[in-house]
Amino acid sequence: MKKTILAVIELVALPFGIFIIFSLLTDGFGAHSIPIILSQSMIPVVTGFGLAIMMNAELMDFSMGARAVFAATIGGVMAQNYGMLGLIAGCFIGSMAAAVAMAVIYRLFHIPAMVISIGVLLIYEVLAAKMAGSSGYVKIPAELYKIGSYPMNIIIVVLAAVLFYILFYKMRIGSHITAVGNDEKMCKNLGINADRVKFIAITLTGIFCFFSAILTICYSGSITASTDMQTMSLVFKPIMCVILARHLRKLLDCMPLLIFIGGICITMIFNGFIAMGFGDALQDIILGLFLIVVLGSSAASSELKKMKMKRNAKKGITA
Amino acid sequence: MRRKLMAGLLVLTMMVGGLTGCGASGKTSAGSDAATGSTAVSSAAVDQSVQGSSAAKETTAKKTANKKPYKIAVGLPDSGSTMFSLMSNNVKTFVESTGGKVVFQGGVGASADATIQFVEDQIAAGANGIIISPPADSVLPTVSSMCEEAGVYWGITFRTIKDQAIKSQIESSKYYVGNCFEDEANTGYQVMTNLNKLVVKKIAIISQAKGNTTTDLREEGINKACEQYGMKVVTEARSLTQASDATSATESFLSAYPDLDCVFIVGTTGTGMHEAVAKAIKDAGRQDKVKMATIDFPDSMVELFKSGMLDTCSGLPSWGYDPFMITTVLANKCMGTPISETPVTLTCSMFDISDTATAEAWTKKFGEATTLYYDKDTMLKTFCKSNNKDLNADFMEKSIKEFTENAIK
Amino acid sequence: MIQRILKRLKQINIQTIFPLLGFVAVILFFQFMTDGRVFTVRNMKAVINESFFILLATIGFSFVMAEGNLDLSMGTIMGVSCVCSAIGANISPFLAIPFAIVPGLALGWFNGFVHVNLKMGSLIATMSTQSIFTGILILVLNGGSLTAPMSILKWNSLSLKLFTMVVIMLAGLYLYNYTYYGKACRAVGACSEAARQTGIPVGKIKKLSFILLGGICGLLGFFSLIRTGTASSSTGGELMMNVWCAALLGGLPLTGGYASKYRAAILGSFTMAVLANGMTLMGLGTYDKQLIKGAVFLITIAISFDRKNMVIIK
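Residue numbers (this note's numbering), protein chains in the order written: chain A, 1 to 319; chain B, 1 to 409; chain C, 1 to 314.
Extracted from the complex, chain A is given alone in its bound form (with noise of 0.2 Å):
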């Protein structure tokens, strides 16, 4: 119990210590900029429990941007003629349709994900942008705008993690997502048909999928298909916040919490840093070395260790 009480402090105090930084350094981010926080970290949290599916069978996504686009964009058009029915059929068929796609490739070429993951995003976003037709979005009807606020978007992300939690930890096919990212030898040979496991794990992100697609077109109102493998850079923020949960998972296991602490995290940064007037160079920089920092400390701390154990021993032996 005390252990728990300390790692739960040592997650909050990553948060927390940004929060103080950037409030002490500048008037305009402070308890004012907690709801903008909350509201921006959505999207790449709910992508991230997708993600963090798939991480967790050791396979890699760059597709479930351009998965979500398209889910959006299939929901927006299907929102004009149906209203919020339409928006939410049409991203749940989109994404469920578009994770299918992958997972039967996945299970037929016998290629590796992140390879798939590629193909179907060039695929995904010509499909998306071939649908948005000439001008190049889609729009929804001003009234589902609510969906993607307040309180609505804090309900979806809340159910997406729920959602997650009960997959990853209360159901066998987490632990079996789980068991195959371990090693996939051992599980074969303990009975576990592996492929069926990634097979199912691939399609698990597609509900996910769904939550970020209708988060994404609520949010702005409109979803945007870009080509050129534009999409991917929807995933970068995402994989961050898994990594860096999977690394604050040696404090606490509970991963819906840690990957939201991550999204926090670096949507207060890029928040901090606009909120002091800095450009894109010195927000990329700062993201860049907090996840050095952050990722490569317990290996420097021990690096650091070695160094001073050597150097003792040398004084001792000196002396």
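Errors might be hidden in some of the hints.
Incomplete in silico selection of chain C near chain A, CB under 7 Å [said to hold, decoys possible]:
1. M120
2. S131
3. G135
4. Q290
In short, the hints are calculated from the structure, not lab data. We put the CB at the ideal spot given by N, CA and C, even for glycine.
Following the hints, complete the assembly by docking chains B and C onto the known chain A.
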């Protein structure tokens, strides 16, 4: 069995690609036929020249039948937003009506490497003329030497050559037909002047990455206005690709700067950005305090003006008019009937729209991707040197001026 | 004699030669569809220029990939090196090369340090460093771009590029297949713990690969400068994805190991260049090009992927 199936799939993909390519190259009047029923804009000067032309009685279809086929490559995208589609539709209509073929390619102006590779590839693909929007003057000597070596004509759109040494080198080449540009720096300055009248002091900008010539020039004008009027650009967001990025950025601006006066969209390749910014301002309840300005007229301009979200914008009569005009110059050169023996420099002017009525008038004319600047016959009669002996650089400038004046009538 | 030839043909593994067959098929297909434009002098020049950057970077990347690592920062290293090269060229044209290569080596070393010493996965390590290098690039340029002296443009010749390509291809081949270092890279990719226990300095080998890739990207920065005369924040923007696609298309496995063949880097690079060039010759639209690229990418890798040597496919 699986491998045979996949090998078959691969061959099928290549065949489909090949047929698509053949279909694309086989198109002659399909693009122009689609535009027949659409609104065309014609100007008084153009009408006068048509009446005065001695060749007016002869049908243009017969004239173009005798023209040698030619191919033009344009380094701009032909889809992805209404303005791209509008530009490509007009350029295609003109070129195909004069017996030519046109190909478009996006992402060319993004980097110097991409520009040079595009020119090289298109020369190898048999292009007779190339239009580029170069990211920097320093690529032009290389482009010029490649085109000279290959005997390919070329021109510049959306840019002027600032370096005088490079300019004199380029203009001495007989393969360089000229350029069409607009004063981006002045446009940036002009929008800021309008904002200053609205008592705007603190501005957040949404722009492209530094190094993009268009937005760099616009920001030059913005900075000049800031110094002159005591305004300040307090924060920025760059290279946004999704509408949700624009919403996030605007929320962050509003949160960090409670006294922010304006969000200025200087330039963006993403579509749907303006509505996203407007939504963020409205959701924050700051629509009465925070103004919105932009360069290049967005698709939803009328709605934004009606809702009071957009305060001022500046843009070309139509974004695609600049490349359209330089393409007519290039096409004439490729057809063997140049409009001028020396390179031409055409200037397009941007103008302001600050109210709903003007926005509606503009959108009525240029809001659809299928709109033609001039109907097909007028294009052929007016912008083909063989049909219009008066066609020269001065005539082109006059046409641009007339077109701009009539854009919001 | 004929029986011997037939016996030899039967022994050939289709997966081994498929990338080569695919490459030949792609060339013949485009040659047919474009009425013979592929084998014109001009087009060959365009293909060589297009493949030059991808090929050299893929050769460097193949060492990193053989170890089972990835690098997202290639393009930004090339951009930073190009800027430094422009700065050097403005002092003296002969400083352009060292000013390009040295920063490339340094940034490559930094990648290696973050991955090896700070024990971060290569993906997240290079994602972080890419972010840092991009910021440095924008700060150094301070908006806009840097122009090189015009005199440097005359160095941009096909013969220099061909010479450089051949030298680096041969050097890479020798290093990859005939030296301790090349074998150590693949041993590390196969099983780094086993490699460590056999005495291979795993950390040093990994760092060396990142340094090598950084150096090659630095050299590419120089070649970009002499080709375009300008260094901007968009230099090298597309390099990373093109190299990844070329490496995967050629058949380099993501997990590295002994299944990594040097020829995959070369075949994949040329196939990418010919595919892009061919689609341009055919006048395909942007959407069609991307759609075909995605489909060909998936199907080609599906056919050529070496499943026999990969027990587990991730």
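Results of checking the hints against the structure:
1. M120: holds (5 Å)
2. S131: holds (3 Å)
3. G135: Check passed: Cβ of G135(C) comes within 3 Å of chain A, closer than 7 Å.
4. Q290: Q290(C) check passes; min Cβ-Cβ to chain A is 5 Å, inside 7 Å.
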